[in-house]
Amino acid sequence: MPSEMASSKNFGVRKREAIGIVKSMVEVECPRQVSCADLLILAAREAVAMSGGPWIRVPLGRRDSVTTSYELADASLPPSNTGVDGMLHILGEKGMTVEESEGEHAAEMDPGFEAFLKLSCPQGSLTSNSSFVGNDLTDFVFDNQYYRDTMGGRGVLKIDAYMAMDPRTAPIMAHFANNKDDFYQAFISAFVKLSSTGVLTGNQGVVRKSCNAID
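Numbered according to UniProt numbering, the sequence shown spans residues 1 to 215.
These aren't lab readings, by the way, just hints derived from the structure by calculation.
The reader is advised that the hints may include incorrect statements.
As the list claims (entries may be wrong) - Heads up, simulated DSSO-like pairs for lysine-lysine below, C-alpha to C-alpha not over 27 angstroms straight-line:
| id | residue 1 | residue 2 |
| --- | --- | --- |
| 1 | Lys23 | Lys180 |
| 2 | Lys158 | Lys193 |
| 3 | Lys23 | Lys158 |
| 4 | Lys9 | Lys23 |
| 5 | Lys158 | Lys94 |
| 6 | Lys193 | Lys23 |
| 7 | Lys193 | Lys94 |
| 8 | Lys9 | Lys193 |
| 9 | Lys180 | Lys94 |
| 10 | Lys158 | Lys180 |
| 11 | Lys15 | Lys209 |
| 12 | Lys94 | Lys9 |
| 13 | Lys23 | Lys209 |
| 14 | Lys193 | Lys180 |
Just so we're clear, the structure is a prediction, and the values are computed from it rather than from any experiment.
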């Protein structure tokens, strides 16, 4: 059965094999003790910290599902053309505030940036995970440059431009563009909430031996 990673909405997720390698090493030392779900969260936490972002204390104890479904990923992940109403509704259902929604990611675009995207994006084919277009000027650094770029008309997705103009979100976007510490605090709160939503704990699920297959 196709897994969640088969969902077209996960096309940009790379280096998944690294999780499998880490899991194999953990299993040697602590068999069936650390779930793949926890490893994914810890990997995300370390990636943020290693790229210059905040170190986040995350709750652990997740367990792995005994089923897999790319349809669930399709239904859970918002499409790239989602508007502000849709995004706030989706994240609101997960208990997030507007500020946390912003901390987590007929509009106009800067003409120069639009020309750059036309040159950078593949022509005549769908974007795949072999394609790479940065969404801000500091692609490999975790910072608040995204907000500065978006407020300057250099957002890549429709939702970027919409949030920079919508009266509910524009003030928050502008604030985060000028205050990295406040953005970090909102991101930390959003990260913990999203990574704790709908998880299996206690006697639910299993701790898989391998992250690439269901036991």
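Structure-based check of each hint:
1. Lys23 - Lys180: Violated, at about 34 angstroms.
2. Lys158 - Lys193: 25 angstroms, holds
3. Lys23 - Lys158: 37 angstroms, violated
4. Lys9 - Lys23: 24 angstroms, holds
5. Lys158 - Lys94: Measuring from Cα to Cα gives roughly 22 angstroms; hence the hint holds.
6. Lys193 - Lys23: 24 angstroms, holds
7. Lys193 - Lys94: Distance ~8 angstroms between Lys193 and Lys94 Cα, so the pair holds.
8. Lys9 - Lys193: 21 angstroms, holds
9. Lys180 - Lys94: Holds, at roughly 24 angstroms.
10. Lys158 - Lys180: OK: Lys158 and Lys180 at ~23 angstroms, within 27 angstroms.
11. Lys15 - Lys209: 19 angstroms, holds
12. Lys94 - Lys9: Given that 27 angstroms is the threshold and the Cα spacing comes to 19 angstroms, the pair holds.
13. Lys23 - Lys209: 8 angstroms, holds
14. Lys193 - Lys180: Distance ~20 angstroms between Lys193 and Lys180 Cα, so the pair holds.
Violated hints, listed in ascending order, are 1, 3; each of the other numbered hints is respected by the structure.
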